[in-house]
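Note that the protein sequences, when read in sequence, are chains A and B. So the first sequence is numbered by this note's numbering: it starts at 1 and just counts up by one. So the second sequence is numbered by this note's numbering: it starts at 1 and just counts up by one.
No lab work stands behind these hints: they were computed from the structure. Beta carbons: idealized from backbone N, C-alpha and C, even for Gly. Possibly wrong hints are sitting among the right ones.
Just the calculated beta-carbon pair ranges, DEER-fashion [stated by the list, open to error]:
id: 1; chain 1: A; residue 1: Gln297; chain 2: B; residue 2: Ala147; range: 50 to 60 Å
id: 2; chain 1: A; residue 1: Gly218; chain 2: B; residue 2: Glu373; range: 32 to 42 Å
id: 3; chain 1: A; residue 1: Gly349; chain 2: B; residue 2: Gly18; range: 55 to 65 Å
id: 4; chain 1: B; residue 1: Gly249; chain 2: A; residue 2: His296; range: 51 to 61 Å
id: 5; chain 1: B; residue 1: Glu387; chain 2: A; residue 2: Ala365; range: 50 to 60 Å
id: 6; chain 1: A; residue 1: Gln133; chain 2: B; residue 2: Ala365; range: 24 to 34 Å
id: 7; chain 1: A; residue 1: Gly218; chain 2: B; residue 2: Glu387; range: 30 to 40 Å
id: 8; chain 1: A; residue 1: Glu211; chain 2: B; residue 2: Pro382; range: 29 to 39 Å
id: 9; chain 1: B; residue 1: Asp76; chain 2: A; residue 2: Gln368; range: 46 to 56 Å
id: 10; chain 1: B; residue 1: Ala147; chain 2: A; residue 2: Asp301; range: 51 to 61 Å
Here are a few chain B residues that face chain A, going by a calculated C-beta distance under 8 Å [said to hold, decoys possible]:
id: 11; residue: Trp324
id: 12; residue: Val331
id: 13; residue: Gly333
id: 14; residue: Leu341
id: 15; residue: Ser396
Number of protein chains: 2
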Amino acid sequence: MNSRWVSLPDHAADAPGGLPQGFRAAGVACGLKPSGGPDLGLLVSDTVGTVSAARFTRSGVLAAPVILCQERCRLDSLRAVVANAGNANAATGRRGVDNAARMQGAAAMAVGLDPEVVAVASTGVIGVQLPDQPITKGILAARGELAPDGGDAFGEAIRTTDLFPKTAAVDVTLPSGTVRVTAQAKGAGMISPNFATMLCFVQTDAALAPETADLLLGVCVKRSFDRISVDGQLSTNDTAILMASGASGIRIAPESDDELRFGEALDAVLRQLALLIVRDGEGAKRVGRVVVNGGHQPTVDAAARAVANSPLVKAALYGGDPNWGRIAQAVGGVLVDTAPLDVDIWIEGVQVCGRGAAVPFDLAALEQAVAREEVEYTVGLPGEGAETEVFFSDLSHDYVTINAEYTT
Amino acid sequence: MNSRWVSLPDHAADAPGGLPQGFRAAGVACGLKPSGGPDLGLLVSDTVGTVSAARFTRSGVLAAPVILCQERCRLDSLRAVVANAGNANAATGRRGVDNAARMQGAAAMAVGLDPEVVAVASTGVIGVQLPDQPITKGILAARGELAPDGGDAFGEAIRTTDLFPKTAAVDVTLPSGTVRVTAQAKGAGMISPNFATMLCFVQTDAALAPETADLLLGVCVKRSFDRISVDGQLSTNDTAILMASGASGIRIAPESDDELRFGEALDAVLRQLALLIVRDGEGAKRVGRVVVNGGHQPTVDAAARAVANSPLVKAALYGGDPNWGRIAQAVGGVLVDTAPLDVDIWIEGVQVCGRGAAVPFDLAALEQAVAREEVEYTVGLPGEGAETEVFFSDLSHDYVTINAEYTT
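If we strip away everything but chain A, and leave its shape as in the complex, we get:
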């Protein structure tokens, strides 16, 4: 992961594989993916007293596993996750919820836990009932393969159109000692900042109070998966779950230096994964970052999302075209009835528009700058004190191919 936009804090370092103490995971093929690839993942914490926190999509059309988690799980003390790719179990009605409950029940039985501490997650095609038998078979197979180094296999099993795996493993040095944080994410399409369409599972052997886990996950999701867009499309299945086994014996007390440093590391891990999702955006060649500042937070947020979701801006990013007129148009288009709007625009630090009007710049130099893998846009609106950022992928021929020729 080489991005100028995200870096680990000094007190965190990439860890050489292996889940945090107390966790085991596995990923197997159960036959949902036509490719025959891994499509069922199982993750377990063996530690009694494991603490957890979760966040879900806010879509009006919730997938069955999301409904199940929200209605029938103890989200602050989850011990296991069962997840599948290849079928979203969304728009499947009561039968879909029953199927998700059966999946939960089978996983609970396989790992010897109460169903209410087993979370369920699905990703894949919408509107198709989940077949029962492959899931049950897959869970049994996964149980046999649960291992402390099974995080990568679990990450493989939740991929759909993802071209590459999205995992992280860091050791975090705290005043009280060293803890490990690992995470597995998936996401490539149907990604929108609210929060992004994705699955992400995070494990740590630090000991957290439920309130701390919830607070840290909430803040870090807002700064990561809430700030990315592939195509502005909110999914039915978004799920992020943090589990803290406490098996390291190191307790993160609220408002301590431990909490601060742990939070910084968690933030960096989630931002890395979020950026990987954008970089792996369906068909993406380049990644953009738009930073908007001004005096009014909702206006700044709306402008940033308008730029990140504009097909014209995204196509220009793909084409390596420093077409700032489309940035101005996207901002103006969402801030209706605000003319005359004093908007300033910079691309890669070069000012191209000042107070709503063209500013002379070196076009050849800027064309070179926007031909790189990452392009940064800055938009200044009137006022001060509010700022936001959104990371986004471009709009390419491959995005059209992937979404026109395949039923995803």
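With the hints as your guide, set chain B onto chain A.
Coordinates of chain B only, in the frame set by chain A:
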């Protein structure tokens, strides 16, 4: 224009060319378009007492000609329009407004009218200053070619990425006699329903009170250009102008049968042009129509626009894929925190989703139905009494090519 979605009322018939009485128009090449094609249009009403009405984009970033029209024109008594393609004169600051004013002044002098009754419109690239000399030269050349059958030439001169001209000419039989309505429109990209990114000029030899002209244009724009989307991108330059010369001697009294019938014909003409814009949407192969009904108008509106602007829905339309899960996702994604949402979905009259869950249907038959040029989606939300429609183009490889490889 063969669409099952728009038809002329019985009392209107296609007219064999020629502007309504009292109008002359021309279109010439002045050198703004690299292709050397026609890029400057001039339209004049020779009748004193001509009445007009206008609507403009609500973008926060208004193009100079829009600012000029709003600040320095008598919009209820316009006598002429000068329009150019190849340069939007947008994001050009004070100098841009000065250039638009010079364009207005030159046109006013050429046709012998006060500048304040001459409207200015531009379309093309954003952020480039309008060159003075070609415009002046073009206006003089156009003056020499003004003719009663110049409507098509005028329509040619306002095209940008449009693949085909968008004009209409109908004779409308009213209780009081027959009047003519003609119109020229342009638009292919940066098209969003609020209202669509386009230019449209409408002429009639009926006599209208200013209030009637304003009311009729307002209502018809809401039912046409407000209801289409190519890419959800609101432009900086949208302009629609209706001019009524009254030269037929037939007066449309408020709340008369004349007004009703004239309104029906105007509505059909603008809807035809709006649908032509969607059909000519950049790279478009197929056109979709989404109809949403339910109990709450803002919800119904938001859902329809979400479907029409979803890149996933648009790519599926392009691919001929009856992937209704993406319709459910798009609706749910914009109606956050409303789960469980009882949504019904029909494609080409076949129900595919009932109360949020899959309904069995004949996939092969539906695949055939969505392979045609026009595809209709119907979404039912809870409640009754609110309904809307949006017409939209698909998302194709050519859209990406046009917007990645060309600076438009």
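Each hint tested on the structure:
Distance hint for A:Gln297 and B:Ala147: a CB-CB separation of about 56 Å, consistent with the stated range 50 to 60 Å. Evaluation of the 32 to 42 Å hint for A:Gly218 and B:Glu373 yields a failure: the beta carbon distance comes to about 48 Å. Remark: the range hint 55 to 65 Å for A:Gly349 to B:Gly18 is upheld by a beta-carbon distance near 56 Å. For the pair B:Gly249 and A:His296, the beta carbons lie near 54 Å from each other, so the given range of 51 to 61 Å is met.
Checked against the given bound of 50 to 60 Å, the beta carbons of B:Glu387 and A:Ala365, roughly 53 Å apart, stay inside it. Evaluation of the 24 to 34 Å hint for A:Gln133 and B:Ala365 yields a pass: the beta carbon distance comes to about 29 Å. Between A:Gly218 and B:Glu387 the Cβ separation comes to about 39 Å, which falls inside the hinted range of 30 to 40 Å. Distance hint for A:Glu211 and B:Pro382: a CB-CB separation of about 36 Å, consistent with the stated range 29 to 39 Å.
Evaluation of the 46 to 56 Å hint for B:Asp76 and A:Gln368 yields a pass: the beta carbon distance comes to about 51 Å. Checked against the given bound of 51 to 61 Å, the beta carbons of B:Ala147 and A:Asp301, roughly 52 Å apart, stay inside it. Because the closest C-beta pair between B:Trp324 and chain A is about 6 Å apart, less than 8 Å, the hint holds. Here the hint on B:Val331 is kept, as its CB sits about 7 Å from the closest CB of chain A, short of 8 Å.
A least Cβ separation of about 3 Å between B:Gly333 and chain A falls short of the 8 Å threshold, and the interface hint therefore holds. With a least beta-carbon distance of about 4 Å to chain A, the hint placing B:Leu341 at the interface is held under the 8 Å criterion. A hinted interface residue such as B:Ser396 counts as satisfied when its beta carbon comes closer than 8 Å to some beta carbon of chain A; here the least separation is about 6 Å, so the hint holds.
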